[in-house]
Structure formats: C-alpha cells, structure tokens
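**Student:** Knowing the structure of chain A, use the given hints to seat chain B on it.
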Amino acid sequence: MLGRGLKRKLSDYEENMAGLSSAFDSSRSLPYPLKRQLVLNMCLTKLQTYKMLVEPNLHRSVLIANTVRQIQEEMRQESNQQPVNICPGIAPSSHSYTGIESSGISLQLPSGISQQESNCCDLRSVEDPIENSLLIVSDDDMSSAISSILKDLDFVEDISPPTCLVPTGDDQPKFPENTVLKLEDDRQDSKGAECVFGSFEISNSTSYLKDLAIDDIFEDIDTSMYDSDFCCPPLMPPRSPSLATEEPLKTFPSCNSSSANNIQICRTDLSELDHIMEILVGS
Amino acid sequence: FLEGFGSLMQDVLWCFSQVKGTIDIGVTEADIISTVEFNHTGELLATGDKGGRVVIFQREQESKNQPHRRGEYNVYSTFQSHEPEFDYLKSLEIEEKINKIRWLPQQNAAYFLLSTNDKTVKLWKVSERDKRPEGYNLKDEDGRLRDPSMITMLRVPVLRPMDLMVEATPRRVFANAHTYHINSISVNSDYETYMSADDLRINLWNFEITNQSFNIVDIKPANMEELTEVITAAEFHPHHCNTFVYSSSKGTIRLCDMRTAALCDRHAKFFEEPEDPSNRSFFSEIISSISDVKFSHSGRYIMTRDYLTVKVWDLNMENRPIETYQVHDYLRSKLCSLYENDCIFDKFECVWNGSDSVIMTGSYNNFFRMFDRNTKRDVTLEASRENSKPRAILKPRKVCVGGKRRKDEISVDSLDFSKKILHTAWHPSENIIAVAATNNLYIFQDKVN
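Read top to bottom, the protein sequences are chains A and B.
Just so you know, the working numbering puts 147 at position 147 of the first sequence, and the rest follows in order with no gaps.
Just so you know, the working numbering puts 437 at position 154 of the second sequence, and the rest follows in order with no gaps.
So that you can see chain B by itself, here it is in the shape it has in the complex:
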C-alpha cells in the first residue's frame, strides 16, 4: 500500500499511461468494450467486448531501470469466450456480447474468471505453459506416430523450456438457467458459489455443478401484465457469504439473507429514498432506475448509480442514502431529448477505490467523474486521444451550464452523447484506473511524486 493512499484529491494528479485499441474513425461494433475488471491483486486486467472476446492484460514487473514507468499493462491472453447463438425454439438470436467478467481469487498458478453473455456463464481457466515434454516413445519430434516395431529402447520424456504460452480453456459452462437477460454475476466470498441475475430471477450456482442451480430470487408476477419492476444488478457481500443485494428499476435496493429461506422473497432490508417532489417529472421513474450496485471493500456501504447521481448507502440506514453525488445534473433539463434518443436508458457503472475513499463513474463526451468522500471534492476528467501523451497530466474538465462559457469549458449542447463511458475499473490497491471509451481502453495512473 502506498503511504498516504486515499489522500486528498488535490494531491492526486492523474496521468495518461496507456491506451489500447484502434484509432480508426469507423468503430467496428464487435470491438466495443462491454466490461472491464481488475483481478484481486491488480496484476491482471480483463476486458470483454461486443464480439464475445475477452482480452486479458498483465502488468509487467516494475523495472529498477525505469522507476518512473510503473508497470505497464500488456496483452497476456486473448480468447473467444462466447459465440453468437440461435435459439431455435423461440427463433431468437442470442448476442455474444460479454456483459460481465468476474475474477476468482487466485488459488494456484492458474487464473480463473467467469464471463457471461445474456444467457450463459462460463468459467475460464487461464494458465501458462513454459515447458513442454520431449522424448516421447511412441511419437517422434514432429508428432508423427512411430511404428512400435521399430522401437528398440525406452526413455522417459523430459520437460524442456519453451516460449511462454498462455492458454485459456473453458472449464465449466453454466447454461439454460435464464429465461431473461443476465445483467450481473457475483462470486461469493466462500469461493465455492456464485450468483447470476437476470431481469426477473437470481440463481445460485456451485462452481462444480453446471446442470443445476438454485433459484434464490424470483420477482416474476403470475401475470406478466402486472410486471412493473425488474432486477437491474446484484452482488454478494464481500465478507458475509449469506448476504447479497439486488437493485431494481424503481430505484430500490433489497438486501437478502440466504439463511432465512431457500427462496429469498422477503428482503432483510429495503433501501429506498423518498422522492423529491420538486424534481418530479415524467421521467422521474426512468432516471431512478439503478444501473449498478457495488459493495464497498469494507462491506459497510453500498453504492448505487442511477441516471443522474451516485449514492452511497449505509447498510444500517434504509430510509435514505448517506451521500448523494451529482454526476451530470445539467442533463436534468434535457431529459426529453435524452429519452427520445434512448440515452436515458444508458447503464453507467460505478466503482470504489481500494480504500473506499473515492468513487468513480462515467458520463458522456468521454468524461468520467471522481468524488472524494472525505473532502467532498470532485473532478471531471476526459479520456481522449488528444490527452494521450505519455505521463501527460489530465486536465480537469468543466461543463458550462448556461451564460458565458469560459475558454476551456464545454457547453451542454456540445456534448457528444455517442461517446459514453459506461465501464470503468479501479486497481484494488493502487491509484491505477481503467476507463473504457467505446472501443478504446485507457489506463491512467497517478503521478509518482
């Protein structure tokens, strides 16, 4: 851990470190990054894209020769996790887009991660091979079979070093358990189970068993016409393996305890903030829909993201959040236009830093925002190629709401709503962040003082 980690915002200067992806003007749909996740040590960084591919970056060892250049992330493994499928029964195409990736904690030399599309979760093993056996008896060096009658002596194959090869193999496929689209997966702290959540149901899996799962939440009404609420995100508590939360499209969060019943219909806690009547509009419900929910590392708080705000809730207080941060309140007066072009349905994610002192979320125009919970300072930064000189310090950005626009400010009407930052990730212990901007992955680090 760095000394003074989680220090005041003003002491942290974010610098450009790397960018991955092409600079082409026309973006291939398949290259659009749909999820980003560091592993538990921060050594690996995984991205999933719309084309069903997973790319894993590994941080290189820090070199004594270049202390300023903290370990860079380079491609470690690339594999096709999900393929497009066709459901013949319902005549539906199943998208191969990777919705979420979650790492398992490392227990041996291999790395394990879960990746999911709308319907199927897969457990992938990523392992290194740097030796290979030589001296087979029944095969020659090219792999051709030898004639057994020609063999006159036996030898024991030996392992010889080879160029490092990283292979990814699917170890488990958890399929056919979701009628609706999977929006979340979460690994339990017992490391034996995990859950997958779709619009109406949440299932609990054991890693070893693929043909069975327990349904632990089901909010599907008997009559679909009565449906007014869907599940939008779910996550296990980081320490208590019996506890999880799930958020809804009505802006509520339910905390459930699996010890109370097999089917967790009845929540143990129900988090909802009463509506502010002065902010009421036709779009109030739509913008209250929670797009992401994350436990703090400590397990004491949960953070939720809705269209315009990020909220921090104390698990012990259900009637309102303890903190509310405005991400881009200037959009409040543009809701009708944003509804018309469907931007109002964009699902932004949010993340905690390692010490739970700073939270980060994305916005439009390739802007992303950080809020320091202690100092209450916030900053808006931009992920763009223009600011991509090595170790260039990111300049804070500002959106001008009305009246005179200062030189470096940008007006609300000039924002590019096609450039949205939905997915970000924060290194578990250091000030390194990964920001996905459409088909590019930006990595920023704080300036080494």
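Next comes chain A alone, as it looks inside the complex:
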C-alpha cells in the first residue's frame, strides 16, 4: 500500500472506494464502527463533490445529509454512554453497543465482544488498507458541512416566497428558534465527542473537511487586482494597447497569477472586462 505522505490519485481512490463498498456488502466480519465510518466518509465525499457543482441535486443532497445526521446522532449517543476512561488503542467498550441496541436499531454485530476488541486493536495497525483510507471526522465538521450544503441550495432569487411558515405534515422541522438552540447544544456535545475520540483518532486529516469553507467556491476567481493598493496606476502595460484589445481573452490573467503581474496589466484588464461583459450580456 502507499506510504504516508504520498497523494493518492483520484482513480486509485475511486477503485479503493469501490473495493471498500463491496467489502462492506460482502464481509460479515467487518466491525460495525468501521462500516459506519465507511458510509459516513462516502456521504461526506459525495456532499463535497456536490458542493463543487454549480447546481447540486437537492433530492440527493437531502437524502445524504439525513444519512449523515443519522450516523452523527448514533455516534453522539454512543459517546454519551461511554465510560470516561478509555484505554488508548481499545475501541469503545460494549456499553456503547447496548446503547445502540436500546435505541431500537438492530445490527449485525460480530459474535463475541472479545473478538470485537481484538478487531479494534487491529484498527490501529498502519498496514491495514481499509484503515488507511478512512478518516475520522469531527462532529463539528459534519454539522457545518451539512449546513453549508443546504444553505447553498437556497437560491438567492427564489421565485415564489413562502406564503406561510406553518410546517406541513407531522414530521416537519420545528420552528427556527428551537433549531438554533439545538445546534448550539450539538456543538457542546460534539466537543465532548471530540475529547472522547481524540485518543482514538487514526489520522489527523480533519482538514479534509475544514477546507470546505464557503469561500472555496470563489477560489478560482482572481480578485487580487481589486485588493491591490496599486490599482489603476499610470503605468504603461507591457504590450501595446492595440494588441491588447485584439486579444482580450489572452491577456486576461490566469486564475492564480501573482499580484505582481496584475499590477502591470491592471489598466488594460479593466477595459477588457468591460468588453467581455458586453459580449456576455449580448448588448
């Protein structure tokens, strides 16, 4: 398997995921927390992919977000029933499983708790391919990921404003105030969960999700020329103006060009922008 620090190619990742999901389906001895983690990671990966789309599929996003919430809730319940002292290297004790069972969800548990513990010890092994590809994600990150996905789905220019705020049906979400409180409680709980799972973390790749800031959507738009103090100085551009207007697209700065270049061609770019906007708007 790949050593640490080497970037995995996307195709390898996809193959790995396909292999993992068929392992999930076929293997009965895969421990439940591992299965759950696998599903969670798949969900978050999908949500992240949708975030990059201009128009994510609302139906799918909602279904996946609900699945994440369900897993989140389960993990939270599990952590609430944990004893405070956890031996590093040992998985959550059997107490947590009774917690899950009591909430009415039946699981395919591996036979015998002792086997469970030994399986979890194996999780610490670096060479385990499944373990290497799983990332432990904090509760906080999950909540914020779901929130930001759903917020983005709220189109700015909504055509028909809601006529009333009365929820439809019995299972509709509660009024906003209650939800805000709930979120705050969740964050406090999640901090607790983090402490519990802190010693259990296999890899510190929580940045996996922290990169999912809303600002990242605008990453590819270069706004450095507007940030620069040198905006519109009386500088002559390197190219002759006539050439610049003939090839407006070519002189347009590339996405990640440094600000030094921008200062030089600042002036011509503004007029080129106008020119391009005219073309786009089709006036």
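For the record, the hints were derived by calculation from the structure and aren't laboratory data.
Quick caveat: nothing in here was measured; it's all calculated off a predicted structure.
Each hint should be verified, as a subset may be incorrect.
Here are the computed lysine-lysine pairs in the DSBU-like style, where the Cα-Cα straight-line distance is at most 30 Å [to be verified]:
(1) A/K151 - B/K380
(2) A/K51 - B/K373
(3) B/K333 - A/K51
Have a look at the derived ranges for each label pair, beta carbon to beta carbon [to be verified]:
(4) A/S22 - B/M600: 31 to 41 Å
(5) B/G686 - A/S29: 17 to 27 Å
(6) A/R76 - B/D661: 34 to 44 Å
(7) A/S22 - B/G686: 13 to 23 Å
Which residues of chain A face chain B? A partial, calculated answer using Cβ under 8 Å [claimed, not checked]:
(8) F24
(9) M42
(10) T67
(11) S144
(12) S147
(13) I276
The beta carbon of each residue, even a glycine, is placed where N, CA and C say it ideally should be.
**Tutor:** For chain B alone, coordinates are given in the frame of chain A:
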C-alpha cells in the same frame, strides 16, 4: 375490451412486437429516452428524450389481411420540445431533457400534450393537415406575390388534398414558476387545470393562463438548513378534481383536498408504513424514498415505487400498504456498492394495466417485472435485441441469488447496472406495453391466441 382481459398471468404470453432506436454500441446522450406515455385511447405513444425531443408513434389501423399483426406503431410526429437554456441570473444551465409527458383527452381532431423539462411546461398541439388551399388571388402557386394591377379576375381559393402532414405547434408555455426541478405534471379530471410539482412546491395552472399559477403545496422550510424532506412525485385523482397525492423522499404519501384551503399544507390523509426494524441499515431512508406514485384507474388505490419494492395502498387505509411486491430484493445486500456508484438514487417508475389487475415496473440488466395482483404471480422479462425476433415469445428470466446457478439464470454480480429500465407504459385497454431501455423503445404485445 378483450374477453377475459386481466386474466391469469399464465395465460398471457408476451411477445416482441417492435423496437425503435439505433443499435449502435455508443449511445448518444441526447437519445436516451426519459419518458414514455400512451394517450387515453392508446392510439398514440409519445416518448421524450434527454435531447429535448418528443417522438410520437401512431398505431396503424388493423388490417383484415394480417389479423395476426395487430396494429404496429409508426412514427407520427417528431419535434423539438425544449431547448437547452441558460439562466443568466444564477449562472446555471437548464437541461432540455424531457422529464414527463402527459396527454390531454382528445376533444377535437387535434391532439394535445404537456411536456416538461426541469423548469418549463409546454402545451403542444399536434394536428394533421391533409388539404391545402389553392387559387389565391394575391399569390401565385409558388407563393410569389402578384402585382395587384395585373389581376383581372377574382376567384375563391379551394381546398385540395395533399400529402398528410403532421405539425406540432407550441400553444402555451408555462414558465418561471419553479425555482426547483420539476419532477411531475398531472392533468386534472376537469381538463381545465393541471399541476406541476418540483422538489419543494406544487403549482396549479389553468391551461389558458400562462403568466400565473397557484401555489398549492409548499414544504420549503424558513431555514434551508432544516430541510429534511423533498417532494418526489405528484398526481391528481382520476375522477375527483379536488383531490391529489404527493410522495416524499421519506417514503410517505400525502393526499390533499383543494377544497379545504388555498394552500394545501395540511394533508387530508397521510400514508406511511412503519419501518421494519429487521431491515434497518444505513441506507434505509435512501431506499424508502418514493420515486413514483400512480393512482389506479379506478381511483381506489395508489401505487408507489421505492428502490426495492412496489406497494399498493388503499385510500382508506393510511397505516400500511395492502400489498408489497419485491422487485429485486437481492440488491438489499449490495446497497453500499449501489450507493457508491449512485445507482441507489435511480428513479424507477411504475404503471397499472387497464383493469388495475397487473402492475409493472423496471429493474436493472434491462429486466422489467410484472405482478398480478389477483394470482400473486410475478414474472421477470428482458428487453434485449437478442429476443427481438418478430412475435418471439419472451422467456421469463431469473436472477440467481446464491449457491448453484442454473443454466438460464443470471447471477446478481453479473447484472449490468448501466442497463436500467426506468420508464414503462401500458396501453389503457389492451395488453400492449412500451418499455424504454436507454435509447431503445421496445413494444411488446400479448400473443393473440
């Protein structure tokens, strides 16, 4: 109506009748069929595709010379219903794919249908022209204008026969009423109104008015972060023009009565089956999402399709369905893989036969399934070019779940998940079915005994 129509499954032998579409190995995206619908008499069969085109087939008159060959369906009209659009405000491309086609009942010589993409519904008129006027005064036969000063006598133009021409014209365009993607349209039994449903809202339209619609259902929460459920399908009751149902991504169906309030927030009935704890998995909610809901012709039942089952509900019993049919339960142990490759989100449709005695839905590997509600027998058939000899009887197929695989069986792992049958249609009164397999349309009929 045929004698003994709706008879036992064993008496119905399905035969290949026709297939439309190319045999090319590489399928053009635009040719993928996205909806299939017979009109109310079964004389016309319409398909919509991803490229925004509508193709209408017409059944030819039965000939006395060939009684065995019941009327074949031939192309009657083809037109571009929707074009790709670009929403400049949101910087979004609007797909031209036809999501649904619904026919209006015929009221005169012309045919009318509604077709919709994600955002816009259009009313199309399809009419025949087999005569044309000749003998204009101001134009000559080629259409060139004549010099009025050269005209010495007047005549009345006469209608002369011409080759049959079928024209499709857009009569109404119902636009700008949906923020989210339209998943259903349904014509009301009053034939004056229809509804269009998107992920969060349902709008009621009058056919004559295009710049206004009534919002009758709105489940959008004040805060989008609270969103946990979307509308997946909606349909009007076949006889009661005030009643409609809509299904959700949580596996529930709500029946609403438009007489109670302008905004139908409060359902009149709420259909939900309690979850089976032994089948619980991470994917339980996803597979419970209803992909299609259809009233029976009688109006007494509704049928819903979720990922693994088809359910029949009695309108008078809300707490559970009266019948549940397993479409492909062998996929239950493959859900993680199907989630990973997104197949779990495939939206299968379901249909009733004319007498509501048999229901049909699609599956993978170009298989489709029929369930006889009376005999409880079911059959799996395949739409494939190999079984496409004229009047060849379709052989029932079987998926082997584990252990020894018999000769004609196919194992679960060999199923082709790229060949999915999402759209099927059943003739309103006869045993003729249309099955869309990617870019091909198969028509099967029962064997004439």
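**Student:** Of the numbered hints stated earlier in the document, which are not met by this structure?
**Tutor:** Structure breaks hints 11 and 13.
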